[in-house]
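Based on the provided sequences and hints, a complete structural model is requested.
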Amino acid sequence: MSYILAKSKNEDILKAGECGGAVTSIFKYLLDEGIVDGVLALSPHDDVYDGIPTFVTNSEDLINTAGSYHCAPTMIGDLIQKYFADKKVAVAVKPCDIRSIDELIKRHKINPDNIYTVGLNCGGTVSPVSGRKMIDLFYEASPDDVISEEIDKGQFIIELADGSEEAVKIHDLEKEGYGRRNNCQRCDVKIPRKANIACGNWGAEDGWTFIEINDDKGQKLIDGAKKAGILETKSPNEAAIEGRAKVEKIMIKMSKKNQEATYPLVNEVEEWNRCIGCYACRDVCPICWCYKNCELSKSYFKDDIIASPMPIAFQGVRLSHMSFSCVDCGQCDDVCPMDIPVSLVFDKLQKKYQNRTGYLAGVSDDIKPPLYSPDKVEL
Amino acid sequence: MFEIKHTLCPSCSVGCGINVILDNDEVVGTFPYKRHPVNEGKNCLNGRNSVERFNDKIGSDIDLDKAIMEISKEINDSDKVTVLLSGNNSLEEASAIKSFSDENNFNIAFYADDLGNFEDVASYNDVENASNVLIIGDILCENPLVGRRIVHAKQNNAKIFSNIKAEKSVTANISDEVSSSSVGEFLDKYSNLDDSSVIVFNTVDSAEDLDKIRNSGLKVLPVYSKPNTKGVLSIVEDNSKDELIEVLNDTDVLLVVNDNIVDEIDFDFKSISKIISLSAFENDTTKISDIVIPIKSWLEYDGSFVNAMGDTQNFSGVLESDVSSVFEIFEKINN
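Chains as they are written, first to last, in the numbering used here: chain A, 1 to 379; chain B, 1001 to 1335.
To be clear, the hints were calculated from the coordinates, so they are not data collected in a lab. This one's a predicted model, so the numbers in the text were calculated from it and none came from an experiment. Among these hints, one or two may not hold up.
Derived coverage of chain A by chain B (criterion: at least 3 residues anywhere in the stretch with Cβ under 8 angstroms from a Cβ of chain B; other residues may be distant) [to be verified]:
id	region
1	43-49
2	124-133
3	279-289
4	331-338
Here are a few chain B residues that face chain A, going by a calculated C-beta distance under 8 angstroms [stated by the list, open to error]:
id	residue
5	1141
6	1144
7	1236
8	1265
Here are the computed lysine to aspartate or glutamate pairs in the DMTMM-like style, where the Cα-Cα straight-line distance is at most 20 angstroms [stated by the list, open to error]:
id	chain 1	residue 1	chain 2	residue 2
9	A	82	A	11
10	B	1005	A	242
11	A	153	A	268
12	B	1154	A	37
13	A	88	B	1003
14	B	1154	A	339
15	A	82	B	1023
Note that beta-carbon positions come from the ideal geometry of N, C-alpha and C, so glycine has one too.
In structure tokens form, the structure reads like this:
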């Protein structure tokens, strides 16, 4: 593992990109050199709140994916597994994205040789509709006038077309029930260290991207982009490295506090009582890969469809799969029509499992979770 | 080429957004449309399935000119032609169908789930902020994204009273009081609620219940089973089930536009000489039809639906298609 500061040598990317444009430049290098078939990244559809996964095959189109989209809480892992299994793909990943990819690699559903993962440090994401309402309520500006947003130094910052900015402390927003998604508030994996590289502005000088190089593949990415003349780099000083570590530490501390505050509050049975058995949580889950062949879809698992499923026959089975695998991406919460805090239940159990075994889904280096490991059968 | 495109869910009248995943111009799945103000990325199973069944479309391998000639002959030879509009038709289609019907002096019929037409309806925010919610029907199971607003109302301390005939239901699970009495008795029981109360319903027992709902003085939200029933009601008057049966009893040629009326009413359709269906998908009505013309589905054209709370929502086609639209079919028939 090593650290560098990097900056794009392409003027357009430098202007459009977030803090130095290194991510977009690395993608351009991979596409232009024919190393990948395409880049899977977010681009805005209707507005900045509407980031949509887009497969870019022409590097000239990459400019549309530059910048950050905190109001687009998407998941990439299952898309790669379902639609890009036979392609060489470069992908921008948040920590929960790379955690899901890592779990899918363990399940032999993604070939790690086929993907290049460019990690994005993540302080959390905001649901788009709630985000717009939040801006409407707590900012002077109209949500329609926002051209970009950023989470930095504990604040949610919006930028307007005239270049002006407004910022409100995330703590104040979350106290009022807005701000980051609930799973993001308790997420304690802020830097995607399972990605080939992890990029962000924590510790970076203005106009530069701070990059943590996590493996040999990551080093080759940086070396290749430099050799191609699209990226320049320099070493960060000790203060920058320490500053970045401090930001990560503070954010993890806040997350632990949120975990302690929220885990005891959930009443699983009461929440499941309004489950309509639509399986949206299962279908969106990046870890639940068997989908069409899922046993839960078999007739012997079907309850009376007009009542909530028997917990043991649905949530029980899901829990038995997810308690060691949940990466707390919150997609299940996002899609549940009944607003059941599914990820809270799963994440709470994942943490119990982690405390007993040391295994953290999508982060630990074990090849398989301990329950599958012959040398830990005593569990 | 992998693409994700926005559209509207056609599975009921709530008006949810849904993202369609296309791979080389084939529909391969759905993706949460989190930016959509109605459902914020949440879709029920019916909604997700509605997109995934796209690949079961009726094939376009018919001799269209021959079929059009047959239809023209049938409708010209009869003076008892009925055109059946549907809540599945977009606003633009419904207007064109009505014009076609009027120009040719055909009967026009439209079934709106026996829920009637209410000019002023409650918004979804009204439901969330209600002091009391009267539910008629299993809304949480059948229209979950309105059901979600009722869950929010409960979290905001509203009282939830439901009238559901089934012994068990998710709607009952979240209700403070559950009744299986007649809808009329249920409405009588709660006739003194304050005016921030809302009635949400997707079924009634009789037309008298609709009168009681109208006279309740409360905000009301009828939730129809089709995406544009509310919009079509602004173009034609609806027929009750009994009225529709009366119309069908006096029909020799029935032209069904994108509907599955066979599954909705108990009627001997064999008594009609000719049934002609324009439909994107096979259903029980196309199965008994004498002539079936494949048409574009909502994924293949631009249009607009009016959702249950009265908002007009535009949608764009996500796929190119060589299949004829409703407009093209009617133009050909007229020519």
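Within 20 angstroms, alpha carbon to alpha carbon, are residue 88(A) and residue 1003(B)? holds (17 angstroms)
Between residue 1005(B) and residue 242(A), does the CA-CA distance stay at or below 20 angstroms? The hint is violated at about 43 angstroms.
Given hint residue 37(A) paired with residue 1154(B) - CA-CA distance at most 20 angstroms: Status violated; Cα separation ~50 angstroms.
Given coverage of the region 331-338 of chain A by chain B, tested with a Cβ cutoff of 8 angstroms and a minimum of 3 residues: holds (count 6)
Quick one: see if chain B covers the region 124-133 of chain A, three-plus residues with Cβ-Cβ under 8 angstroms. holds (count 4)
Regarding the pair residue 153(A) and residue 268(A), is the alpha-carbon distance no greater than 20 angstroms? Violated. Residue 153(A) to residue 268(A) sits at ~35 angstroms, over the 20 angstroms cutoff.
Just to be careful: measuring from the Cβ of residue 1265(B) to every Cβ in chain A, is the smallest value less than 8 angstroms? violated (22 angstroms)
Is the shortest C-beta separation between residue 1141(B) and chain A less than 8 angstroms? holds (5 angstroms)
Check the hint pairing residue 82(A) with residue 1023(B) against an upper bound of 20 angstroms on the C-alpha distance. Given pair residue 82(A), residue 1023(B) holds - Cα atoms ~11 angstroms apart, limit 20 angstroms.
Cut-off 8 angstroms, beta-carbon criterion: hint that residue 1236(B) touches chain A: Violated. Min distance 32 angstroms.
Chain B covers the region 279-289 of chain A, three or more CB atoms within 8 angstroms, holds or violated: holds (count 4)
Does residue 1144(B) pass the interface hint, meaning its C-beta sits closer than 8 angstroms to a C-beta of chain A? holds (4 angstroms)
The structure fails to meet hints 7, 8, 9, 10, 11, 12 from the earlier list, while all remaining hints are met.
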